[in-house]
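Those sequence lines, one after another, are chains H and X. So the first sequence is residues 1 to 736, counted in my numbering. So the second sequence is residues 1 to 320, counted in my numbering.
In short, the hints are calculated from the structure, not lab data. There could be a bad hint or two in this list.
[As the list claims (entries may be wrong)] As a list, the in silico DSS-like pairs of lysine-lysine whose alpha-carbon atoms are at most 27 Å apart:
| hint | chain 1 | residue 1 | chain 2 | residue 2 |
| --- | --- | --- | --- | --- |
| 1 | H | 34 | H | 580 |
| 2 | H | 131 | H | 70 |
| 3 | H | 723 | X | 284 |
| 4 | X | 284 | H | 131 |
Single-letter residue listing:
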Amino acid sequence: MSDTYDTPDTRDMLDRTRQGVIGQPLDRPEGPLKVAGQATYAAEYARENCAEGVLVGATISTGRVTAIHKDEVLAMPGVLGVYAAPQMLRRPAQGTAGEAPLQDPSRVDYPLQPVALVVAETFEQATAAAKALRIDYDDASDKARFLPTQETAEAAKEPVTAGDLEAALRDAAHVIDANFTTPGHASAAMEPHAAVAEWDGDDLTLWGSLQMIAFNVAELADSLGIDPKHVRILSPYVGGGFGSKLGISHEAVAASLAARELGRPVRVVMSRQLVFQSIMRRSETVQRIRLGAGADGRLTAFGHEALVSNLPEESFSEPVTQASEFLYAGDNRLLGVRKSDITRLTAGSVRAPGEAVGMQALEVAMDELAIATNLDPVELRKRNLPETVPGQGTPYSSRRLVEALDAGAAAFGWDQRSPTPCARREGEWWIGMGMSSAARVNILAKAEARVTLTAQGHVVVETDHTDIGTGSYAIFGQIAAEMLGQPIDRTTVKLGDSLLPAGSGSGGSWGASSTGSAVFYACEAIRATLAQALGCSADQLILKDGQAWAEGVDARPVTDLLTEDLTRTGKIEPGELMEKVNQSTYGAFFCEVAVNAFTGETRLRRMTGAFGFGRVLNAKTARSQCIGGMVWGIGSALTEELSFDARDGHLVNHDLAEYHVPVHADIPPMEVILLEERDADASPLQSKGVGELGICGAAGAIANAIYNACGVRLRDFPMTPDKLLADLPDPFAPAA
Amino acid sequence: MKAFDYSRAEATADAVGQSARLIAGGTNLLDLMKLEVETPEALLDITRIGLNAIDAEGEGLRIGALVSNSDAAADPRIRRDWPLLSRAILAGASPQLRNKATMGGNLCQRTRCGYFMDNRSACNKREPGSGCAAIGGVNRNHAILGASSDCIATYPGDMAVALSALQAVVHTERPEGAREIPMRHFHRLPGDTPQQDNHLESGEVITAISLPAPLGGRQIYRKVRDRASYAFALVSVAAALRMEEGRIASVHLAFGGVAHTPWTNDHVDELLTGERPSPALFDKAADLLLEDAQGQGHNDFKIPLLRRALAAVLAEATGE
Ligand SMILES: Cc1cc2nc3c(=O)[nH]c(=O)nc-3n(C[C@H](O)[C@H](O)[C@H](O)COP(=O)(O)OP(=O)(O)OC[C@H]3O[C@@H](n4cnc5c(N)ncnc54)[C@H](O)[C@@H]3O)c2cc1C
Ligand code: SF4
């Protein structure tokens with residue numbers, strides 16, 4: 001049987017199994033370890049005789065290292081070595097690269113690029129020597145470009161065109177033509193990048209903080225020039241990744257090289273500042289959205305063009321228009337993203353690449369169109385849901401956008417909203433409501449997992465898949481327990497070790513469905529063997545609480561059917577369905593904001609999100625993902641911005657005091673509605689991804705609520721007080 | 001962090017006249033030492049010298065320099081008679097930081113200029129004569145009043161702004177003896193020596209902050225910030241204002257986030273005193289306050305923002 005997923009699995013297996021744990025809001029089994037400080041993170045592995053490494057960042061923006069005055073620091077107390085080998089990384093690897101990213105740190109591509117590693121007996125000694133290390137440069141910064149411009153951007157790769165956008169705009173009854181800007185974002189994961197490397201002969205073990213182990217093994221081996229079979233990576237707990245740990249980064253390669261040279265383990269933990277300065281940023285964007293609609297609000301023209309940036313030689317460009325391809329109607333289309341090469345740290349995947357910033361702009365433009373057409377914003381969206389993907393004709397799989405709009409509106413009380421701005425004032429605060437749609441592509445990725453049903457009836461799930469705080473440990477256990485009819489407390493999940501079968505890795509919201517499908521298939525294989533032993537067909541086999549039976553066959557303990565441990569491996573690969581059917585995920589946001597009439601400060605008062613993303617595998621972890629996503633949307637709307645110095649491209653706000661993620665006081669009561677859905681086109685679990693959906697469009701709802709509150713239309717994010725001041729109505733004037 | 005010597009003072013006298021750097025809560029100094037923005041050779045820990053009581057002093061109050069920010073904010077007398085101080089403290093940092101932070105250390109916290117905190121950049125405050133990277137750089141949180149061509153940094157704290165409005169006095173010990181510095185004159189403008197944040201001399205120890213008799217009236221600390229908590233002020237306004245028969249009988253204002261010092265302007269207080277509140281009056285006060293205000297590009301918005309924040313505070317305090 002082929003492993004590719006080419007035909008929809010409509011058996012509804014997980015609705016027919018009896019254990020009843022799938023979808024339940026179960027706690028994460030590793031939660032108690034984490035809150036008790038017993039989950040070991042990369043930097044915490046205590047290896048005997050471990051030396052400490054500190055990375056040194058370049059002081060120029062771009063150019064070459066001409067000399068590193070190693071001797072001066074080698075004489076300092078405790079210093080063991082200074083490394084600047086050509087195998088060391090110049091940039092982090094992009095997600096799913098599976099090969100070495102650009103190496104040779106003697107070429108400096110961006111400010112603070114790590115150019116050397118100093119290793120000493122203690123962290124303090126290494127830090128002191130790293131600070132003292134003198135490096136000479138051939139500084140080429142005067143030739144560098146630090147700001148993206150349209151003029152210097154390359155042509156859009158794979159633009160989407162259909163019909164004649166310009167003509168349709170000319171003919172449209174209503175036209176919106178607006179420019180939006182979003183700043184760079186950081187992943188800002190709590191756990192900084194860290195690695196402990198140890199060699200045993202030719203074999204390397206690396207304890208790291210990484211999201212995609214199989215890819216990371218390939219990247220690390222390629223960087224070091226060794227066979228991947230000599231590399232083992234362990235990453236069982238990850239303190240957040242959000243894209244920043246998809247590929248390997250500087251610390252992993254530097255620690256490995258130094259450990260090999262020194263013949264002892266080496267730990268490299270990046271400082272918070274260096275993580276901000278040298279890992280991955282989300283590109284800033286400049287977006288132009290043009291919408292043309294008839295008098296009835298139906299879209300005839302849809303243009304979404306974006307300018308993003310990256311370093312030269314990087315192929316990644318923030319896929320800003322990804323959801324614009326399929327979300328709304330409009331037969332005449334032009335979508336495209338252009339990339340401008342600039343000197344700033346590498347741009348790459350940050351949670352919900354593309355939709356995170358593209359959707360928030362699109363949803364503001366839709367709000368403007370709702371006003372122009374005098375339609376309720378919810379109604380406008382409903383009117384513009386295409387039958388098939390515009391310009392492509394691809395059908396949709398499950399799409400519960402209408403249900404999300406209706407359920408969200410009802411729960412939130414959308415009917416209480418006044419369509420006119422400045423209608424509600426409470427003391428100093430203008431109060432307003434806004435909404436937006438959510439949309440995000442869904443991806444199935446290649447994955448493998450191994451499941452064992454032990455002779456004692458215990459279930460063990462094994463894969464190198466990671467849990468980056470998302471709930472992998474919980475969900476894979478639930479799938480296996482459900483399929484094999486065992487209570488959840490007889491289930492163990494082992495993750496994050498490259499010796500285990502290669503899961504899909506955590507990224508792109510695909511982990512639970514992809515690796516979960518591999519777990520599912522492994523369980524199906526076990527069920528087939530059990531059915532044979534029981535003397536029924538796999539289809540008829542019923543498993544629950546350790547008992548097996550079938551129609552006309554008496555119940556027996558599963559352990560009676562086993563003479564030894566039963567181990568099966570399941571595999572899945574994306575197939576034709578990914579191309580043939582658009583399987584995106586959808587939702588809707590509703591929120592209420594207060595805007596201070598004097599100061600322009602915006603405070604969110606409540607927010608509701610309703611989402612449909614296939615089968616809910618665990619209602620608690622799914623809800624948490626949705627809330628986490630919405631919090632990211634709030635940050636994108638109101639506070640988060642990477643500030644670069646336009647003169648040399650360096651990042652000025654490089655810690656959590658100055659890069660403003662939302663704090664508790666910024667987050668009001670959040671309501672999440674999970675819409676049950678089965679999407680057989682997406683995976684045999686009939687589930688899709690949910691890790692990013694909650695961000696995609698959320699900031700647009702807040703922008704629209706700000707407009708509704710005080711009549712100021714902002715298209716420049718984040719919407720900090722300074723941007724509202726000029727257009728706020730007179731604070732002393734009474735409400736309209 | 002550079003290696004340093006550490007010792008502990010047992011009494012105030014041990015700390016006075018020492019060249020070692022004093023460390024109290026350490027919440028600002030240690031952060032800067034990790035960045036090697038501060039590189040003291042020696043630290044002298046003053047957390048055990050006492051000075052941690054809040055005592056009545058006539059009609060006023062004397063707050064020891066080592067009282068924690070949390071304890072000061074929670075003190076029932078302060079909450080009742082000098083609520084402005086309590087509110088300003090609670091508007092700053094986070095509970096964890098306020099538990100560690102001391103009154104003396106808070107006054108001496110250093111600027112949040114991004115270039116000051118980054119050793120790669122030119123900064124006259126960190127390295128006199130090296131230049132000022134903030135001019136022409138990212139300067140959204142910088143000064144609009146009293147800046148110089150050598151430094152445009154702000155004093156970032158909240159508590160000192162409230163203390164300025166409350167007419168507090170800083171008490172210190174020098175080898176030559178004790179002295180008192182009015183809070184309004186404790187910090188200094190950058191001029192051509194921005195390395196000096198305030199008028200403390202080397203070896204001088206803050207021992208206490210005293211509050212005069214309660215000013216009464218309405219006391220408001222309004223901090224405008226990018227997020228609801230855990231962010232420094234974009235601008236802030238401290239006001240203690242008393243109304244009598246529809247007129248402003250007395251008003252003491254101070255402003256944060258706009259200058260190298262908590263900013264005060266007696267003329268603004270005088271202009272308002274004796275007047276009937278109105279939006280037009282508030283505007284006139286703002287005109288005077290902002291007469292010499294100058295933006296640096298990214299922080300231009302602070303000029304209208306301060307005007308509006310002042311209007312909000314005056315409207316609230318006067319019931320207008
Ligand atoms: C993330 C973060 C956010 C913050 N947010 C805010 C905010 O919003 N608003 C705000 O106002 N503050 C804020 N702060 C700053 C905080 O208030 C100060 O760090 C704190 O008040 C400093 O007090 P400390 O006792 O820890 O000082 P230390 O760090 O111990 O000392 C600071 C300086 O004061 C000197 N010093 C200490 N005591 C004396 C004394 N008795 N005599 C003479 N010199 C002395 C020290 O030598 C040192 O130079 C924040 C800090 C952080 C880290
Ligand atoms: S504003 Fe002051 S603190 Fe900031 S860089 Fe300039 S001199 Fe340094």
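Outcome of the hint check:
no. : hint             : verdict
1   : H/34 with H/580  : 42 Å, violated
2   : H/131 with H/70  : 12 Å, holds
3   : H/723 with X/284 : 24 Å, holds
4   : X/284 with H/131 : 52 Å, violated
Hints 1 and 4 from the list above are not met by this structure, while the remaining hints are.
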